[in-house]
Structure formats: structure tokens, C-alpha cells
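Colleague: Sequence:
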Amino acid sequence: MKTPTAEFIERIPKTDIHLHLDGSLRIPTLIELARAENVELPSYDETGLRETVFKSQYASLVEYLEGFQYTCAVLQTAENLERAAHELAQDNIAEGVRYIEVRFAPQLHISDALSGKDVMRAVCEGLGRAKKEPNRSESVVSGGDLPFEFGLIACALRAFDEHFGDYYSGLLKVLPRAPRKEVFAVASLETVREAVELRDEEGLPIVGFDLAGAEAGYPAASHEWAYTYAHEHFLKKTVHAGEAYGPESIFQAITVCHANRIGHGTFLFDASKIKDESIDDPASYVEQLAEYIASQRITIEVCLTSNLQTTPGIRSASDHPLQLMLAHNLSISICTDNRLMSNTTVTRELQRVVVDLDIASHQFRNLVVAGFKGSFFPGSYDNKRQYVRRVIDRYDELEKELTENVE
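Heads up: the sequence shown at position 124 corresponds to 124 in the numbering used here, and the numbers run straight through without jumps.
These are calculated hints, taken from the structure and not from any lab test. Nothing false has been slipped in among the hints.
Each pair of labels, with its calculated beta carbon distance range:
| # | residue 1 | residue 2 | range |
| --- | --- | --- | --- |
| 1 | Asp396 | Thr47 | 38 to 46 Å |
| 2 | Asp356 | Gly170 | 42 to 50 Å |
| 3 | Val186 | Ser318 | 40 to 48 Å |
| 4 | Val62 | Val355 | 25 to 33 Å |
Below are the DSSO-like pairs computed for lysine-lysine, each with C-alpha atoms no more than 27 Å apart in a straight line:
| # | residue 1 | residue 2 |
| --- | --- | --- |
| 5 | Lys384 | Lys373 |
| 6 | Lys117 | Lys181 |
| 7 | Lys273 | Lys181 |
| 8 | Lys373 | Lys131 |
| 9 | Lys2 | Lys400 |
| 10 | Lys384 | Lys400 |
| 11 | Lys131 | Lys117 |
| 12 | Lys131 | Lys384 |
| 13 | Lys275 | Lys181 |
| 14 | Lys132 | Lys373 |
| 15 | Lys2 | Lys373 |
| 16 | Lys400 | Lys373 |
| 17 | Lys132 | Lys117 |
| 18 | Lys173 | Lys117 |
| 19 | Lys384 | Lys132 |
As the structure is a computational prediction, the values presented were derived from the model and not from experiment. Heads up, the beta-carbon is just placed ideally off N, CA and C, and yes, glycines get one too.
Could you build all of it, start to finish, from the sequences and the hints given here?
Modeller: This is the structure in C-alpha cells:
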């Protein structure tokens, strides 16, 4: 069997299609912006922040998410959003990631001076600037490697309160008597409408719509208006589902929200988490759901390190359902989730897969290619096919050159 070497993993074209902007700042940039914006941090050096906020292991997903209060606080101007996006693209380009989809909740950054559309424009500008810079390797210039491409995914929140930001507190004041789930739905619908308008009227590479936040008690079905709007306007859809809840959450994302991809899907195979008493045979339900996902090539965005850090019961790669996903021939893309919170890169995630899991060379190849095939590529379908073909050719070329044969 051919084993991917470290150099091979570094040089192959890679993707990150589950990548949060506000979870992927550089720590020096966070510190600099915090000082400039008078945002109080628990520490103002990298070691201190790694000890207090951005840890190697978290007690829960709630603790993991606490770091976002600091990153979101410094991303409240167009200039800071553009800078964060620009640096994120640079970091990915430097490690051979050739396609990224950056997701974020525009409404977290809205203020009197900045609209939701302004937020998305600023992020596009930062990513686009990195794409234009003359920082390509010689192999890219000569045509041997691939150019950097990107898309944006506008993210809505399953739930929020007045402490989440100006937009959310204002909406709750405007609709004081409305049921909270209807207020959440209104916010989601506004996000997706603005995303579609920017795509169609200004040609921005906004490629998808997402829903994030606590699953338990806040079902994706409450955001059906927004997902129906996205579906009717040909905007691709993904949903954080099965990250902290069970298979039913994934089923709802696929059936009610028309999801083309699933974020995390960690508990896809956990029949014990099924709550619906009308499901007589949970084990059969799970198998049928997995089979449906496989047959429809609904890509699962797996974020291995993130799950190991935040999910009780998953403390090693062997505990993670990735091996089961591979056994069921699911379309799986390995992603970082949050480069800052998880202190990771795409390269590290792929290296973890090779070192910690029993994975065949063809399965590893499928993981890499699945990110490109499952992407919401902003160009035409023909252009996407040509891009994927170049990825495969490049991968095969490097495999011959750099992999090792082992018994």
C-alpha cells in the first residue's frame, strides 16, 4: 500500500469547505486588533491565550465557543473583516489549500456603520485581494499547480438573544411579542435574501447558506422559510447537524432544509440519540439514513480535531465515526472548522487521519478529492469539472513522485 508522506500531504491541492472566519484569526492579529478596538482579552500574549481561551482540550462545545466573544468583538469594522479574510486566504495558500469556502454570520457584525451586505462585501474583498497577489509558487505560475479559488457561505444562527449584537437586540425590540422561534426565522430569512441579492446583483461569489448554533431545542425546521428561499433561488445549502444532537437532526437538515452537505454529522450512527418514539427500529433508521446520504452523495464536512476537543465520549480518532463513514462509502471532506480555536490546519487534519486511522490509499485520495467535488464552486458546472480534473491529475502526479510503498 502507498502511504502518504508529510511532503505529499503538504504539496497536494487541498480544500477547506467548513471554515469559520471568526474562528480562524491569527492570534497576533487578534491581540493587535483588541488593543486598537479597546477589547479586553484574558491575556495579551499567545501563550496566555492558549492557556486561558484557545486550549488544546475543552470541557464542552460551550467552552469551545467562548473564544468567539473575543474574535467577533474585534471584527466590527469593514477594515478588520477584510484584513481577517485576507490573512485567512494567505494562510491557506501557504499550505497548499487551493479552494476554501469561508462561512460567517454577517448579522454578528452589523452596526450603525455596517450593514449585512457591507460585511459580506468586506470579506469578499479580503479574500479576493489574496487571490490577486503575486504569491503563487513556481508550480502555479508554470501551470503545474492550481490557482486559489474561494466562495462565501452566509451563516444564520439557530437562536440568539440581545447579547449577540446590535442587530439581534434591535430585532428583538422590534418584535417583542413574537415567539422567539419566529424572530430567529426572520433573521435567517433576511440573511439569505441579502446573500442572494449580492450574488445576483453584484456578482459576489456567495455560494451557500448555513445554519449554526445549539441543535437541542432549536430545530433546523424553524428556519424553513430561509432554506426554502435559498432552494428556490438556487443557492447551495449546508447545515450544522449531528454535531451535538442525533440522526434526526441530520434527517431534518436533508428533508426540510434541502441540505446539499452536512456540517459535522458526528452522531449520524448513534441510534441511542434518537428521540422520536414513532421510530420503531432506531438501528435500521440509522442505516437507511446513512445509505441515503451515501447514494445521494451528500458530502459530510468532518472536522476531526474540533470534534475531539468538544464532544464527550470522543477523545481519540478511534472514537470518531469517521471510520464508519468510510466503511459506508460516504462522501467525506476533511475540514478545520476553526483554525484558531482548534490550533490546526488542513495539513494537520489530513496528517491526523493518516497517522491515527486505518485508511487505505484510495480512501485517502477520495477524502481529498471529495472536498473539491462537494464544493459549492462559484463558477459553472463545466468549469468545476475542469478544476476537479486538474486536481485529480495533480494528485496522481504527486502520488507517483512522493508516496512510499510499505508492506
